[in-house]
Structure formats: structure tokens, C-alpha cells
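Student: Sequence:
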Amino acid sequence: MLLNGHVVGEQDAPKAFVNRGFLVADGVFESMRFTDNRVPYLGLHVARLHASLAAHGMEVPDSLHESSLTESLEVWRQTWSFEGDARIRLTAYREGQGKYTPDTDNTLWVATVERMDARGFSLAPKGLDVDIYQDMHKHVSPVSRYKNIASTVYVHAARHARIHGWGDAMILNADQKIIESSRSNLFVVSNGVLYTPSLDDGCVGGIMRAVLIRTALDHGVKVYECTLTPQTLLQADELFLTNAVRGIEWVASYKTKRYFHSMAEKLTAWIQDDLTSA
Numbered sequence: 001m002l003l004n005g006h007v008v009g010e011q012d013a014p015k016a017f018v019n020r021g022f023l024v025a026d027g028v029f030e031s032m033r034f035t036d037n038r039v040p041y042l043g044l045h046v047a048r049l050h051a052s053l054a055a056h057g058m059e060v061p062d063s064l065h066e067s068s069l070t071e072s073l074e075v076w077r078q079t080w081s082f083e084g085d086a087r088i089r090l091t092a093y094r095e096g097q098g099k100y101t102p103d104t105d106n107t108l109w110v111a112t113v114e115r116m117d118a119r120g121f122s123l124a125p126k127g128l129d130v131d132i133y134q135d136m137h138k139h140v141s142p143v144s145r146y147k148n149i150a151s152t153v154y155v156h157a158a159r160h161a162r163i164h165g166w167g168d169a170m171i172l173n174a175d176q177k178i179i180e181s182s183r184s185n186l187f188v189v190s191n192g193v194l195y196t197p198s199l200d201d202g203c204v205g206g207i208m209r210a211v212l213i214r215t216a217l218d219h220g221v222k223v224y225e226c227t228l229t230p231q232t233l234l235q236a237d238e239l240f241l242t243n244a245v246r247g248i249e250w251v252a253s254y255k256t257k258r259y260f261h262s263m264a265e266k267l268t269a270w271i272q273d274d275l276t277s278a
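Counting in our numbering, the sequence shown tops out at residue 278, every number present.
Note that these hints are calculated values from the structure, not bench results.
Be aware that one or more of the hints could be misleading.
Think about it this way: if two alpha-carbon atoms lie no more than 30 Å apart in a straight line, the pair counts; the simulated DSBU-like pairs of lysine-lysine are [to be verified]:
(1) Lys222 - Lys126
(2) Lys255 - Lys266
(3) Lys126 - Lys257
(4) Lys15 - Lys99
(5) Lys266 - Lys126
(6) Lys255 - Lys222
(7) Lys266 - Lys222
(8) Lys126 - Lys99
(9) Lys126 - Lys15
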């Protein structure tokens with residue numbers, strides 16, 4: 001085997017180089033936050049993971065049922081070298097060799113952990129400056145609502161944002177509709193009403209997206225899943241982004257438009273209160 005221009009024996013090469021996740025991006029992943037000695041909304045994460053595996057034609061191993069995963073996480077937690085919050089990434093990939101036709105639909109998985117400085121969900125004092133990534137589009141498909149390890153559009157959008165000094169980049173579908181950002185779901189606030197791209201337009205079915213919709217409705221805030229355009233952003237009172245690890249991130253500006261963040265503050269407080277009382 002050649003590794004970075006050097007000949008090495010296969011026994012000396014990382015085993016990750018011979019799995020289908022690395023070779024043909026045949027797999028899915030979940031990003032979860034560990035806070036207050038648990039993973040909030042673990043049941044929702046597991047349900048989405050099972051649906052994602054089914055959509056990719058992969059089997060659900062016993063170790064990925066909620067009770068088994070909860071037990072594994074509790075044992076694993078005792079080995080961490082730090083206290084406090086953490087980001088957990090669970091990557092599941094199809095077993096077998098790296099040719100397009102799979103030999104099996106068995107699923108293997110690995111989870112990694114990364115320490116986080118912040119504890120609990122809170123709104124940052126400074127908002128994000130965002131703009132639209134135009135060079136690639138995300139196409140709607142039966143798996144577009146899930147987190148696939150084939151993440152080319154997200155990687156390029158995030159890189160574009162970094163190069164241009166943006167806090168994040170908005171992603172378009174093939175119909176030029178805004179569907180999400182490089183790392184989060186998108187919400188627009190107009191006259192006290194929430195609007196978020198529909199799953200039918202190609203966005204990821206985010207866990208925090210689902211939690212936020214439910215929380216808003218429970219507090220009497222109207223929410224509509226609909227199609228959003230660049231013009232929608234310019235007409236909005238607020239924009240904010242959501243994901244299960246970061247919670248809610250408010251947007252300070254898009255092009256020349258500046259935004260408030262009072263709704264983002266309310267929703268963050270409601271979600272944190274629900275977690276504290278759970």
C-alpha cells in the first residue's frame with residue numbers, strides 16, 4: 001500500500017482505509033450533545049438513525065437500539081478524561097469491501113467524543129454574518145433529509161464561508177430555494193411567526209429543528225414549513241440557525257440586512273427550561 005507516497009504494509013495502515021465509509025461514503029452519522037450527564041432527545045436521535053439506516057438499505061444492529069446505546073454511553077462516559085459537555089459523533093457504515101456493489105447490509109459503527117467549553121444551551125452575545133453559497137446545490141432525494149457521510153456540498157459551503165469571513169453559508173437546492181446552512185437548519189421570523197424550509201425542499205430533518213417546532217407551538221408561536229428564497233431573508237425580522245450540538249445561533253446580518261434576536265432568546269430559554277425540568 002502507498003500511504004502519503006511511502007510504501008507500507010497493509011498491517012501497518014489504519015484500518016479505516018479499508019471500510020466502505022471511507023472508500024465509497026456508504027454510511028450515515030448522528031451528531032449529539034452530551035450535557036447534564038445525558039444526551040438530550042436521545043430517543044429522537046435513535047429514531048432518525050434507524051430511519052436513515054433503513055433509507056440506505058442498512059440493517060439496525062442490536063447495539064443501536066435505544067436501551068443498548070444508553071447503556072454503552074453510560075459505560076463510555078466513565079472513561080472520559082474531562083467533565084462537562086461534549087459533542088458525540090456516531091458514524092455508521094455498511095460492512096464489507098470498497099466496491100460499489102455491497103456484499104452485505106450489516107452495519108458497523110463507531111462513536112467519538114469532543115469536549116465542549118460551554119455548558120447547556122445558551123445564546124451567544126454576538127450573532128453570525130451569513131451569505132449564500134452559490135457554486136453547488138443540494139439535490140432532493142430519498143436520503144436528503146438524513147445526515148450522510150457523503151457531505152461534499154456542506155464541506156464546500158463551510159470552506160467558502162471560512163474563506164470569505166462569514167459565520168456560516170446558506171445552501172440552495174436545485175430550484176434556487178434556500179434550504180439550510182452548512183451545519184444547521186434555518187428559521188426565519190416575520191411578525192412573530194416562524195418559517196422554516198420544508199423537508200420536501202431537501203433540508204436535513206434536524207433534531208433541534210423538530211424540538212424547536214414543538215416548543216414554539218407549545219408556547220403559542222405559529223410555525224410554517226414552506227419554501228424560502230433569498231428575498232425572504234431580506235424581508236425577515238430575525239434569522240437563526242439550529243442544530244442538536246450548538247442549539248440556537250442567531251444571525252446578525254445577511255448582505256446589508258441587520259436582524260434582531262428576541263425570538264431566538266425566548267426559544268433558547270424555553271428549551272433550556274424544558275431540559276432542566278426533565
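Student: Run every hint past the structure and note whether it holds.
Tutor: To see whether the hints hold, each was checked on the structure:
For the given pair, Lys222 sits about 26 Å from Lys126 by alpha-carbon distance, which is consistent with the 30 Å threshold. As the CA atoms of Lys255 and Lys266 are separated by approximately 25 Å, the hinted pair is consistent with the 30 Å bound. Under the criterion of a C-alpha separation no larger than 30 Å, the hint pairing Lys126 with Lys257 is consistent with the structure, at around 16 Å. Taking the CA atoms of Lys15 and Lys99, the gap is near 16 Å; set against the 30 Å cutoff, the hint holds.
A C-alpha spacing of about 16 Å is found between Lys266 and Lys126, which places the hinted pair at or below 30 Å, so the restraint holds. Note on Lys255 and Lys222: the hinted pairing holds, with a Cα-Cα distance of about 27 Å set against a maximum of 30 Å. Using a Cα cut-off of 30 Å, the hinted pair Lys266 and Lys222 holds, with the two alpha carbons roughly 14 Å apart. Proposed proximity of Lys126 and Lys99 is contradicted: the alpha carbons are some 47 Å apart, above 30 Å.
With a C-alpha separation of about 42 Å, the suggested pairing of Lys126 with Lys15 is violated against the 30 Å cut-off.
Going down the numbered hints, you'll see the structure goes against 8 and 9, while the others check out.
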